[in-house]
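With the hints as extra help, turn the sequences into a complete structure.
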Amino acid sequence: MRAWSCHNLDMLLLVALGLLSQSPAQADLDALTALEAYAPTQSAPEAASIRDAEARLLERVRNLTALSPEVTGRLDELLSEHVERSTPLPDRPIRPNDPLARVLCAYENAKVLSTPVGETKAFRTATHFPGAVPEDATRVTRTVNVGLAVPGRHLLVGYAAPGEVVTVRLQQAPPGMTGLRIGAHSDDIQRRDSWPRPPRISKRFAARVGENRISNPFGGLIYLEVPPGSRGSLTVEVSNVVPAAQYVRGKTSDAEWQLERQAPAPWAELATDKIILTVPSSEIRDLDDPGKLMAFWDDVMDACADLAAIPRTRTRPERMVADVQISAGYMHAGYPIMVPTGEARNMVDLAHLRNGTWGFFHEIGHNHQNPDWTFEGTSEVTVNLFSLYVNETLCGKRWNQVWSAGFHESPARVRALLAEGKKPWDTGDLAIRLYMYVQLREKFGWEPFKKVFAEYGSLPAEARPKNDAEKRDQWLIRFSRAVGRNLGPFFEAWGVPTSDSARASLRDLPVWLPEDWDSHGGNLEAAVLG
Numbered sequence: 001m002r003a004w005s006c007h008n009l010d011m012l013l014l015v016a017l018g019l020l021s022q023s024p025a026q027a028d029l030d031a032l033t034a035l036e037a038y039a040p041t042q043s044a045p046e047a048a049s050i051r052d053a054e055a056r057l058l059e060r061v062r063n064l065t066a067l068s069p070e071v072t073g074r075l076d077e078l079l080s081e082h083v084e085r086s087t088p089l090p091d092r093p094i095r096p097n098d099p100l101a102r103v104l105c106a107y108e109n110a111k112v113l114s115t116p117v118g119e120t121k122a123f124r125t126a127t128h129f130p131g132a133v134p135e136d137a138t139r140v141t142r143t144v145n146v147g148l149a150v151p152g153r154h155l156l157v158g159y160a161a162p163g164e165v166v167t168v169r170l171q172q173a174p175p176g177m178t179g180l181r182i183g184a185h186s187d188d189i190q191r192r193d194s195w196p197r198p199p200r201i202s203k204r205f206a207a208r209v210g211e212n213r214i215s216n217p218f219g220g221l222i223y224l225e226v227p228p229g230s231r232g233s234l235t236v237e238v239s240n241v242v243p244a245a246q247y248v249r250g251k252t253s254d255a256e257w258q259l260e261r262q263a264p265a266p267w268a269e270l271a272t273d274k275i276i277l278t279v280p281s282s283e284i285r286d287l288d289d290p291g292k293l294m295a296f297w298d299d300v301m302d303a304c305a306d307l308a309a310i311p312r313t314r315t316r317p318e319r320m321v322a323d324v325q326i327s328a329g330y331m332h333a334g335y336p337i338m339v340p341t342g343e344a345r346n347m348v349d350l351a352h353l354r355n356g357t358w359g360f361f362h363e364i365g366h367n368h369q370n371p372d373w374t375f376e377g378t379s380e381v382t383v384n385l386f387s388l389y390v391n392e393t394l395c396g397k398r399w400n401q402v403w404s405a406g407f408h409e410s411p412a413r414v415r416a417l418l419a420e421g422k423k424p425w426d427t428g429d430l431a432i433r434l435y436m437y438v439q440l441r442e443k444f445g446w447e448p449f450k451k452v453f454a455e456y457g458s459l460p461a462e463a464r465p466k467n468d469a470e471k472r473d474q475w476l477i478r479f480s481r482a483v484g485r486n487l488g489p490f491f492e493a494w495g496v497p498t499s500d501s502a503r504a505s506l507r508d509l510p511v512w513l514p515e516d517w518d519s520h521g522g523n524l525e526a527a528v529l530g
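In this note's numbering, the protein residues as written are 1 to 530.
Please note that a few of the clues may not be correct.
As the list claims (entries may be wrong) - What follows is a list of derived Cβ distance ranges for each label pair:
id, residue 1, residue 2, range
1, E46, A416, 38 to 44 Å
2, Q42, G147, 49 to 55 Å
3, K292, G457, 28 to 34 Å
4, E256, D299, 19 to 25 Å
5, R312, G377, 26 to 32 Å
6, R314, S49, 49 to 55 Å
7, Q171, S458, 38 to 44 Å
What the hints assert, rightly or not - In silico DSS-like links for lysine-lysine, alpha-carbon gap of 27 Å or less:
id, residue 1, residue 2
8, K450, K471
9, K397, K450
10, K422, K443
11, K451, K397
12, K443, K397
13, K443, K423
14, K451, K471
15, K466, K450
16, K466, K423
17, K397, K292
18, K471, K443
19, K422, K471
20, K121, K111
21, K466, K451
22, K251, K292
23, K423, K471
Just so you know, these hints were derived from the structure itself, not from any lab.
All values reported here derive from a predicted model rather than from experimental measurement.
Ideal Cβ placement from N, Cα and C applies to all residues, glycine included.
Structure, rendered in structure tokens:
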């Protein structure tokens, strides 16, 4: 029998570990071949081989330098053959049923964004979104003084036309990590099923003292991005920009706004020191009184700060941007908060806002949540305390008048579950879970929430809850102490787990349960107390 050498054994081990596979370039080409041969149907492909091929290539084309010349050559050939197929438009989005179109779109997206500034051309979808610049729009030079103590995006009051070079001159050296950005729409939507625009249309550049030449094939509003912890101010001059409308509460006069709102750029901003709205310019052309609108938005931000027990004065204003597609959900929180363009009209409709709404306040609420009082299963529950609070205090709407998710039916549903001997919390239903908090508000008002939230805000690191069990215990104990009632039985009836020691610590307080619970499913208080 032939003996195996060490070399043979090493080769066998490598094969067993899957390390002697085809080259990355060949794997890319094979994946492309698979997608070329695939005929799209009405739905996303079911074959794992096609899904894997698409996933591989979508990841690979994000880094063009990792692709071999053979792969980029073939991608370029396919692009020329399938230009229309790989062009996403708001009224003709690329969908998951066509994986080759998605790969070609993502590849071209990466190519045009990596094109050197002097060679950038307007991309063919730019007129559809973010939007067209009027052919007769003038290009101007503007000088802006930026206060560096406010971190985040600062609009340079101009719009870069698609593909055109904009010159930004910084008179002083900017703080480290300062950037220049063209495009408010910084959401990468590649993971979404529907692409009504290319996945990435915002482009960022490092900012340097002196002259900075920047461009974006999609165009967009121009920003200076300031890192936290900066001080002083910076004089910025921008040249070759399309005038963009900007309203700043307390600075822009009514007469100035009458002219400003006609600026030709397709996007505009309405700003206060608490919140900034980025909307299509078409939505503000007939906006006669932005002052009243933005005063209401400031009231929204102050209400959220009051409930969260944080100062009304903010380190930076929140931002809310409308986009034809966003990276997650119908809306999502963050910086900026992202909403669909279909909601842009409602962002600037004061009558609509005053009548009560949900989504905007919900996403702002996410930016005010504290993880210390948000345990597992409540991320999409405690956020709605802010929606409820704003609707109640500013819009005059009670808890059962504002959310359409069957929320007004929660009391009857909870009583039915209790009568069946079930724990309402165990349903996982967000409306049901929120009703638990509503019961506390209905009995004790909003002040205990503010008091307890303030306690959490001042906790030293060693006193903060370390896990979900500690979060539930602390919430039970702190809220019980704030209202002077033992809420342990209430938590037990709902099915929210807490520890024996936490419940025992409240025995000096009188028990509280909602008044109508005893008539459902027997004596509930006796049942939970054993």
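Review point. Can you list which hints this structure breaks, lowest number first?
Key: Checked against the structure, no hint fails, so every one of them is satisfied.
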